Amino acid sequence: MSEPVEKQSVPSVWRIRTLSGPLLWAVGLAIPAVFDSSWVSIAAIFAIYAVSALSEDVILGRGGMFDMGHAVYFGIGAYVTAILNSSFGLPIFATLPAAVLLSAAAGALLAGPLMRLRGDYLLVATIGFNSIFVLAMQNDPGGMTGGSDGITGIGFPSLFGLPLASQSAMFWLDWVVLGIVLLLMRNLDRCEFGRAQRYLKQDELAATTLGVDARKVKTQAFALGAGLAGLAGTLFAVQLSTVSPASFVFTESVTLFAVVIVGGPGSIPGVLLGTALMFVVPQIFRDFAQYRYFVFGIAMIAVMVLRPQGLWPQRRRRA
Amino acid sequence: MSALLELRGLGISFGGMRAVDDLSLSIEEGHIAALIGPNGAGKTTVFNMITGVCRPNDGQILWQGQDITGAPPHRIASLGIRRTFQTIRLFPDMSVFENVRAGCHLRAHQRWWQGLLGSPAQRREDAMLAERTHELLRRLDLDGVADEPAVSLPYGLQRRVEMARALVAQPKLVILDEPAAGLNDAESAELSQTIFAIRDSGVTVLLVEHDMNVVMNVTDHIVVINFGRKIAEGDAAAVRDDPAVIEAYLGRDDEEPAP
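Those sequence lines, one after another, are chains A and B. Going by our numbering, the letters in the first sequence line up with residues 1 to 319, in that order. Going by our numbering, the letters in the second sequence line up with residues 1001 to 1259, in that order.
These aren't lab readings, by the way, just hints derived from the structure by calculation. Treat the hints loosely; a few may be bogus.
Said to hold, decoys possible - No more than 30 Å apart at the CA atoms, straight line, and that leaves these computed lysine-lysine pairs for DSS-like:
(1) B:Lys1230 to B:Lys1172
(2) A:Lys201 to B:Lys1172
(3) A:Lys216 to B:Lys1172
(4) A:Lys201 to A:Lys216
What the hints assert, rightly or not - Covered stretches of chain A, as calculated for chain B (at least 3 residues, CB under 8 Å):
(5) 195 to 201
(6) 213 to 220
The structure presented is a predicted model; accordingly, all values stated were derived computationally and were not measured. By construction, the Cβ of each residue, glycine as well, lies at the ideal position given by its N, Cα and C atoms.
Turn these sequences into a full structure, and let the hints steer you where they fit.
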């Protein structure tokens, strides 16, 4: 059953592998120069959802915790930016740390009760959190969230007094953030925190007897995943200049969950591929958008049956 | 001389079953001690209580005089106690190197954000721990299979990988749960040498073992339990001739008719 270990990986192949990622990212920077504005906005949406899916992967793919309420953290980030910007007039970049930290705090807080639950039980509990979040936003607590209509008129971010108002400028912002998050994920693969996650996922008892503090590592994973989702939420609020509860409902969480499972849990290229399939393809085939979940349902079943490790699985690594 | 590890009146029940009852023993630093007894005597349960996997109902566990009863497994590990499992528990999707490297977890002092940022200090530490892992792999003659998936190895080698994982952080006490199970004669003879080598490197050893050759050859101190209770204790010669031990293992040979 075990995968054959790639032995004949010559150095040049290795170099192509490590360089192809940054190269593709750099090529991506040229998208606004080549494509028209509708494609640029699709690429921006891809970058935002890729950050969101990678953040789900921290919890689901790497942590092995069935988080099916990830849209909550995405939503907290979006709402924090929307409220601070439209009601309090804070510049977008000033809202960003608050969005990340509040989402991370929510993740760490919810991790407490979730930690005791396993597999399917955890999944049901996270669905519960998602429903609570959407209901709370709809009920407009303190007149802050604007109820079902949400919040409109979110401003543009500006950098050193220079407004990033154009479609291209916003794309570049999203793309740069995606690049930073990809770098973080690559480092996560290589550091002790990432390894501790793998130990716990593969054998929790063995891991704890080697000194892995399961509670701490899982809480950190939730906080990190939620914080990155909050970051994506800020970008989302800016991109659409409006937030409403409909963007953070349970089905959005399901889609993020599916992106990770279908793409390849713990695999950066896998999650990016999954994001492209789930969020970008439907934008291209707008006319068929209503068949989205029909097609994805079939695709998920096919992947689970034919390729349970995901379309682009995590590869064995050495250290 | 104070004991490295001391159990005082340890007891645990599962449901209505008294798995371990009023067990007291102490292990001296630098010794090789063994816990033996027939199948189902409660040996693994004792290990589970020491390593924090399950919590005793009664009694105390003292580590260098300090009460550690009921501490969680990762806390026990941080004291310098490592174990292997009767049913080998290697990380299935990892190579031999990665499995053994996992044993260094507590030697890594990097913070999570240092790891995420890939700081120079974090990289230096990772390189240092990788070197430490390779060194131990060489010492245990596992360097040839370092990159193989651990679970693809033959049984005997898997046991050795698990032992390497327990030893790589240079613990104070290593607990081996049936290290000779599934080994052939040559391998178990080699195991005795390995256990001596572990002791000589400054690690106290506690083992559960069925292979009496191994037990009689290597141990300084043997504790025999049956039905969760201690029935004998002493060095190899004393335990071997103890009537209670012979009875536990072989049954009574002069069954007397009821009066």
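These are the hints, each one checked on the structure:
Note on Lys1230 of chain B and Lys1172 of chain B: the hinted pairing holds, with a Cα-Cα distance of about 25 Å set against a maximum of 30 Å. In summary, the hint linking Lys201 of chain A to Lys1172 of chain B is supported, as the alpha carbons are separated by about 27 Å, within the 30 Å threshold. Of the pairs offered as hints, the one joining Lys216 of chain A and Lys1172 of chain B holds, with about 25 Å between alpha carbons and a cut-off of 30 Å not exceeded. Between the alpha carbons of Lys201 of chain A and Lys216 of chain A the distance comes to roughly 14 Å, so the proposed pair stays at or under 30 Å and holds.
Only residues whose C-beta sits within less than 8 Å of a C-beta in chain B count toward coverage, and the stretch 195 to 201 of chain A has 4 of them, enough to reach three; the restraint holds. For the stretch 213 to 220 of chain A, the assignment as covered by chain B holds, since 3 residues bring a beta-carbon within under 8 Å of that chain's beta-carbons and 3 suffice.
In terms of the numbered hints stated before, the structure departs from none.
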